[in-house]
Amino acid sequence: MVAPRRKALGDPLPRASTPLGHPPISAVINPLINPLIKLGGGLSEAPARLATGLEPVDRLLGGGFPRGHLSEITGPASSGRTSLALALSAAATRAGEVTAWLDAADAFDPASAQAAGVDLDRLLWIRAPRVREALRGAERLLTARGFALVVLDLCASEASNAFLPSTWMRLARAAAASGTALVVLGRDRLVGSHAALVVDLRAIRLRFATSPAWLEGLEARVALVRHRLGPSEGFAPVHWKVPPFARGVPARAGSARGGGGAGAS
Amino acid sequence: MACLLVPDLPAVAEVRAHPELTGLPLAVVSEPGPRATVLSVSPAAARAGVHRGSALAHARSVCAELRVRVASPARERAARDALLDVALSASPRAELATPRAGARAGEAAVHLDVSSRPSTCRSEAGLATALVARAWALALPAVAAVAGSRALAALAARCTAAREGPGATCVIAPGGESAFLAPLAVDFLDLDDAPAELLTRFGIHRLGQLLDLAGGSSWRRVTTRLGLELAEQLARLRGEEGELPIPAPRSGRIEESIDFEASIDNLEPLTFALRGLAARLLTRLAIRHLACSEIEVALVLSDGARDRRRLALAAATGDPHVWLRRIRQALESEPPAAPVEFVALAAEGCPARRDQLDLFRPAGPAPAELDALLAELEALCGPDRVGAPRVADDHRPGAFGLTPFGPSPGASAGEAPRASVAALSVRALRPALPAVVRLRAGRPAWLRSAVANGEVVRCAGPWRTTGGWWSEGQRFAFDAFDVATDDGLLVRLRYDRLRHAWEIDALYD
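Line by line, the protein sequences are chains A and R.
Heads up: the first sequence begins at 1 in my numbering, then just goes up one per residue.
Heads up: the second sequence begins at 1 in my numbering, then just goes up one per residue.
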């Protein structure tokens with residue numbers, strides 16, 4: 001009984017009802033409609049992405065960090081974690097979005113953010129005195145809605161067992177409800193299985209100019225550790241370049257010793 | 001003219017403040033204690049046989065389930081004001097009727113001039129229905145009547161309340177006054193003893209008989225036969241006596257309050273009470289198409305002290321959730337010094353802020369919500385720790401500022417071009433960490449600190465920064481190095497030329 005019914009559903013207008021030998025209407029319309037239906041279905045399933053503006057990283061992540069999900073950027077100090085988060089924030093603010101930076105380490109540097117291209121008017125900086133306040137602040141920010149990105153800087157936090165798993169579950173749910181990309185910045189993985197995306201950064205090479213001695217930048221590798229919404233393997237090289245900070249006048253080499261040598265030991 | 005009337009205001013005010021009493025037999029009494037007199041009763045209590053003016057002990061014997069509350073002038077005043085708000089939502093010219101004494105002491109009425117009807121109401125009947133519906137929204141079961149004169153509208157409202165109960169409306173079309181008044185009992189005139197006795201002696205029980213008696217007679221004759229009070233009432237009913245025009249509207253300040261039977265020493269129940277209070281306050285504002293940007297919270301504490309706070313939001317809003325969060329945050333950050341016995345919320349109405357959203361740009365957080373959020377974050381982290389970062393106009397390394405956060409809905413800088421190179425940022429160390437440094441040929445060769453230790457593998461610098469030389473307390477002079485150590489860290493090391501000390505002020509990351 002199933003086969004005849006399928007047949008009937010598949011061809012609702014039998015050839016006998018089409019005069020003058022024209023093909024049935026379904027044969028004409030279905031090829032046009034089906035791709036649209038598939039396209040619509042595909043669009044509704046794919047999460048919106050927040051691009052970093054870095055071509056190799058965005059390609060690796062499938063367009064950027066997913067909105068409405070909890071993501072993690074991990075890596076040791078001097079690997080470019082903060083630079084990647086600031087690049088993400090810069091891209092979001094330049095697109096007119098509003099972002100927030102929850103700074104549990106009190107390490108945010110406005111000059112660096114400005115040099116990275118962040119529109120400081122669109123960045124809310126919260127200098128949380130402790131991790132507890134930072135987590136509460138993150139939850140409140142997600143509840144308020146309207147923020148495209150919330151960066152939770154926990155680089156100063158020691159270990160993942162300092163956090164209750166329910167904390168991350170609550171934050172992940174709040175992020176999903178608000179459509180905000182919540183990015184946790186840490187030395188090691190803190191979020192566990194609640195993270196939809198985890199990238200790990202490692203410094204590969206320091207670039208110093210020799211004459212005159214000048215820090216040019218840093219070459220790092222962004223590795224995809226976990227990606228619930230796409231391919232979960234791969235890496236991308238990224239170059240961090242030192243922006244022209246106001247450094248004052250170059251001093252004569254060896255002048256530090258001229259201060260009396262008190263610093264030397 | 002229209003009249004909006006609530007027959008039993010004390011009971012209504014209690015139910016409005018305590019919604020859990022809805023539908024229950026309730027009596028409002030004059031004073032605490034067994035010798036109290038019943039001032040007002042709810043419909044359920046009236047059905048059970050409890051009447052105004054009876055002793056509390058008698059009322060309890062008639063209805064065992066009777067709930068008793070002591071009359072609260074503050075709650076009654078708030079209910080009266082709410083009734084006036086309903087009237088003002090339909091007409092700018094509205095005023096409360098003078099409270100009456102005797103049997104109608106619990107009655108609250110408001111008169112409004114509806115000669116220029118709101119465009120949203122197509123007829124007098126529609127206007128009366130709208131008034132009743134708005135009053136219900138403020139938990140005021142009222143009756144509305146529209147007639148040619150203020151006295152006739154009030155009489156019609158009173159009569160409709162007695163006949164049909166709360167929620168009914170009555171419209172007396174021009175020319176239909178006599179037909180309406182004729183069958184009514186003279187008791188509706190609420191006369192003093194002497195005129196009532198006079199009418200009884202004349203055998204007049206219906207208003208129609210009275211009107212017939214006075215019809216065609218001169219004013220002097222009517223006054224002589226019926227007395228001045230009756231004559232004036234008849235003239236007012238017939239619209240013959242000019243009524244004073246209703247004054248211009250009052251200010252937009254409204255107040256809602258609640259006094260607790262037992263003082264509250266916990267924030268949770270206080271917030272619960274405040275939720276209802278804020279909802280009533282903001283509904284009253286909303287009925288007049290207003291919001292507020294500032295709310296005054298007044299607390300009377302058990303030790304007699306008064307705690308008054310003014311809470312403000314930059315953007316006017318009528319969202320009770322936003323205001324409740326703001327009030328709660330204020331009470332959490334600075335709790336009252338003693339248990340609370342009375343709380344009042346007052347607000348000045350103002351037009352709500354309207355935002356023009358852009359179809360092609362992200363909306364961002366709602367202004368009112370953002371204001372509440374910033375206030376909460378400031379309470380959580382400290383007032384000087386939340387805002388938009390600013391690069392200070394100062395050469396001192398690491399100088400920064402914070403400005404109030406308020407992203408403008410204007411144009412953004414545009415989407416950044418995609419690139420493969422981005423700026424290397426630093427993580428500031430506040431305060432800078434002291435370091436022990438060994439030099440070789442005048443340059444750092446080894447360092448020890450809380451963040452980086454070991455041999456210096458690469459070093460760039462120094463860059464000298466000096467400033468503040470004109471002020472002794474603000475002088476600074478640094479020689480800064482970019483240093484890579486063999487443990488893989490890249491730090492910003494500096495030599496303080498004034499203190500002769502090495503320190504690390506930032507970490508490249």
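Among the hints, a few may not be true.
[What the hints assert, rightly or not] In silico SDA-like cross-links for lysine to any residue, where the CA-CA straight-line distance does not exceed 25 Å:
{"id": "1", "chain 1": "A", "residue 1": "Lys241", "chain 2": "R", "residue 2": "Glu503"}
{"id": "2", "chain 1": "A", "residue 1": "Lys241", "chain 2": "R", "residue 2": "Arg443"}
{"id": "3", "chain 1": "A", "residue 1": "Lys241", "chain 2": "R", "residue 2": "Gly488"}
{"id": "4", "chain 1": "A", "residue 1": "Lys241", "chain 2": "R", "residue 2": "Glu455"}
{"id": "5", "chain 1": "A", "residue 1": "Lys241", "chain 2": "A", "residue 2": "Glu219"}
{"id": "6", "chain 1": "A", "residue 1": "Lys241", "chain 2": "R", "residue 2": "Asp394"}
Just so you know, the hints here were simulated from the structure itself, not pulled from any lab data.
Quick caveat: nothing in here was measured; it's all calculated off a predicted structure.
Hint-by-hint comparison with the structure:
no.	hint	in the structure
1	Lys241(A) with Glu503(R)	holds (24 Å)
2	Lys241(A) with Arg443(R)	holds (24 Å)
3	Lys241(A) with Gly488(R)	holds (17 Å)
4	Lys241(A) with Glu455(R)	holds (24 Å)
5	Lys241(A) with Glu219(A)	holds (9 Å)
6	Lys241(A) with Asp394(R)	holds (24 Å)
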